Amino acid sequence: MVFNHDIVIVGSGLAGLRAALEAVGKADVALISKVYPTRSHSGAAQGGIAAALGNEEPDSWEWHMYDTVKGGDYLTDQDAAEILAADAPRAVYELEHLGVPFDRRADGTIAQRAFGGHTRNFGEAAVKRACHAADRTGRVILDTLYWETVRKGITVYPEFQMLDLIRQDGQVLGLVAYELATGELHVFRSRIVLLATGGFGKVFKTSSNCFANTGEGHYLAYQAGIPLEDMEFVQFHPTGVYGLGILISEAARGEGGILVNGEGERFMERYAPTIKDLAPRDLISQAIYQEIRAGRGVGGRDFVHLDLTLLGPEKLAEKLSDITSFVKIYLGIDPAKDLIPVQPTCHYMMGGIPTNAHGQVLDQDQHPVPGLYAAGECACLSLHGANRLGCNSLLDLVVFGRLAGKMMIADLGQLPRNDAPVRPEETIATRIRVLKERKKGEKTGILRQAVQKLMMDHCSVFRQAAGLSAALDEIRTLQERAKTVAIDNRGPRFNTDLLEALELESLLGLSEIIVLSALAREESRGAHLREDYPGRNDDAWLKHTLIQKTAAKPAIFYKPVTITRFQPQTRHY
Amino acid sequence: MKMQFKIFRFDPQTDKGPYFRHYSVAAEPEERILDCLNRIKWEQDGTLSYRMSCAHGVCGSDGMKINGTCRLACQALVKDYQCPEVVLEPLPVFPVLKDLVVDMEPFLEQIKLLQPYLLAPAAEPEAERKQTPEERKKLGEVIRCILCACCTSSCPVNWVNDKYIGPAALVWAHRFIFDSRDGEQPARLRRLDQPDGAWGCENHFECTRVCPKEIPVTKSINQIKQEIEKKLR
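Protein chains in written order, with my numbering: chain W, 161 to 733; chain F, 2 to 234.
These are computed hints drawn from the structure, not numbers from a lab.
There could be a bad hint or two in this list.
Think about it this way: if two alpha-carbon atoms lie no more than 30 Å apart in a straight line, the pair counts; the simulated DSS-like pairs of lysine-lysine are [as the list claims (entries may be wrong)]:
1. K139/F x K312/W
2. K3/F x K365/W
3. K613/W x K365/W
To give an idea of the chain F side of the interface with chain W (calculated C-beta under 7 Å), a few residues [unchecked claim]:
4. W43
5. P117
6. E125
7. A128
8. E129
9. K131
10. Q224
Computed from a predicted model, the values in this text were never measured in an experiment.
The beta-carbon is built from N, C-alpha and C at its ideal position, and this holds for glycine as well.
Bound conformation, chain W alone (with noise of 0.2 Å):
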């Protein structure tokens, strides 16, 4: 079928449910999802949305922009943080007005807790700037945009996945999507299309990502040849469930949770001597992966320990139930008398598709691309630089999603009319027909498995020039091997066989564009370490990586970083 909208938002998490929610209206808006709406990877944040409420203690919003850039390791662009921070404090009050269930304190306000990172006076101690729902904020949030479109009457089409963008002269004229429930192919003619497809953390092997996190957008914004920005820059999260890599919240150490490795030292305190376990995550995860070299993992092994015993059975149940429950149904253990086995998980993509602060997704001369707009994770303002802050992701769904619908709303009357490609939806077709007639050929899930390895072994918390080239072979293999991947389910109603199968390609294209963008940047900076070139190297690479596909191969280039208020210096916490 032909679905005709003005604009069709792609991802139905934080941002694009906050874009839809300010656009309706004005503009007949239609939002996609290759989920139900509520299952969206959003719900999954634990730990709260940062905001300079200052209900708890003394704060300032110029205080959350300064960590915001110290924790990117100055690679922030500070005019979006700055954007950031300071409308940090209305759009929780937003959230609060539209009914989001925040945790109180005695007066009635919203309760806020410590988190990594965030700190009072540019980075004398700790603060209590994390507003949050017991350790499912994300989720609370989730339901509470979903239900106010269901209200507004936005138009949803769940479970349809978006498999290819419809673009004539360089103008982007709506997207082909896939409807799982019936296998048809559609063609949404819409006049802005808004990417907010979210991270793609399943090319690792542990990862806190949900399955759905597969990165569409950017690699199909990368095959309409718009650069992606600060790539190498993959964080991992210090506390994932060991084994499973499930997210146990920064919020276990805000409120009051420490690390221990297996001679049972505090080994923060010797990494991060100021604000120790609330370090950002970069920092810990490198300590972490330090301490298991050196031979002080737990029994000698690959992970350390989280201690939440010190806090009682009584705040784990109020403040931490989800991960009080994940423990023990995935570990069988209390964290209330027990230690809990933990190791870096793969959680969030600080680099995506380039925009500025209003969405609009930008070419390489730094140009709008007429009709694309992009928030969220898969979007990169660079808000997050080098390492994004915990509770920063939340705020910057809500914010930038709110800015994006407001632009494309001013932005709609001014694009000029085009008429679509005929029959658009062909090359995606012809690709469908070619995998269900194919009778033998690899399995989807042994590549995948196999470049989730390879990243993992190569290209995860520790990186060297090495590593990295041999994993840029493997993959290049790997792609070769995809080309012939064969699917058991030719029918269809819910093949996701078949959408697995096409995943695959964006798995390992972005893998390709990480590893490429990190074997570049031959400096040690927030989420990229290499071992090579230890230590930040601001005269040659304070700059953002852009990558581009080209006929011949990956074009890398740069473009410069906007520092406003805070001069680069030495990170220490």
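Given chain W, put chain F in place with the hints provided.
Relative to chain W, chain F alone:
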């Protein structure tokens, strides 16, 4: 260890009727039933359909009947199924679309009818509305709902009466009836004061037993009934 599975298969468009297919798969005791399903799908039979996403009980996608009990495949561990065969079936009550995938629209529709959003008195303050920790505590259990539909699928009343609004919708009603910031409590209560509303609940406690988020569902429904008696009589 080797696990034996008997899995419900049905494509309403092409199959004469539902049938079961048997699978055998290697699994570690600490693994999830969802891990087994994925292994079956990825290595043996790509035609199998089911929903899943977060794999740790947050998104609510993979509700299904496992050996007769509705629960999330990602919260069920292999070690707890020391039986000759694990039987996987779709959630009852809802129409099957394919294999373990059911139509969630009727489920969501029931909740949408209840206006699951805050209907607050007009003026919004500049900052947050005030709510005491005690007032907020009344919502602490019901906001754990992840819309997995295990409760509604397990309710014996829902099995025989498709008009009954069901436990999940009542949990969502509770979430707003007892939110001190909401201004429409009387209307919300009136809507539920009917035989297929809150009074449809017969206290079977099946919802409470199966809820993967340990929400005291039956208790919450009874609080609604008490509130109706208190405020509307």
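To see whether the hints hold, each was checked on the structure:
The straight-line distance between the Cα atoms of K139/F and K312/W is roughly 27 Å, inside the 30 Å bound, and the hint therefore holds. Straight-line distance between C-alpha atoms of K3/F and K365/W comes to about 24 Å, which keeps the hinted pair within the 30 Å bound. In summary, the hint linking K613/W to K365/W is supported, as the alpha carbons are separated by about 5 Å, within the 30 Å threshold. Annotation: W43/F was flagged as interfacial toward chain W, and the flag holds, the nearest CB pair being 3 Å apart, inside 7 Å.
About 5 Å separates the beta-carbon of P117/F from the nearest beta-carbon of chain W, less than 7 Å, and the hint is met. With a cut of 7 Å, the hint placing E125/F at the interface with chain W holds, because the nearest CB-to-CB distance is about 5 Å. Because the closest C-beta pair between A128/F and chain W is about 6 Å apart, less than 7 Å, the hint holds. Using the Cβ-Cβ criterion of 7 Å, the hint placing E129/F at the interface with chain W is satisfied: the shortest such distance is roughly 4 Å.
Taken as an interface hint, K131/F checks out: its beta carbon lies about 3 Å from the nearest beta carbon of chain W, inside 7 Å. Below 7 Å, beta-carbon pairs count as interface contacts, and Q224/F has none with chain W, the closest being about 17 Å; its hint is therefore violated.
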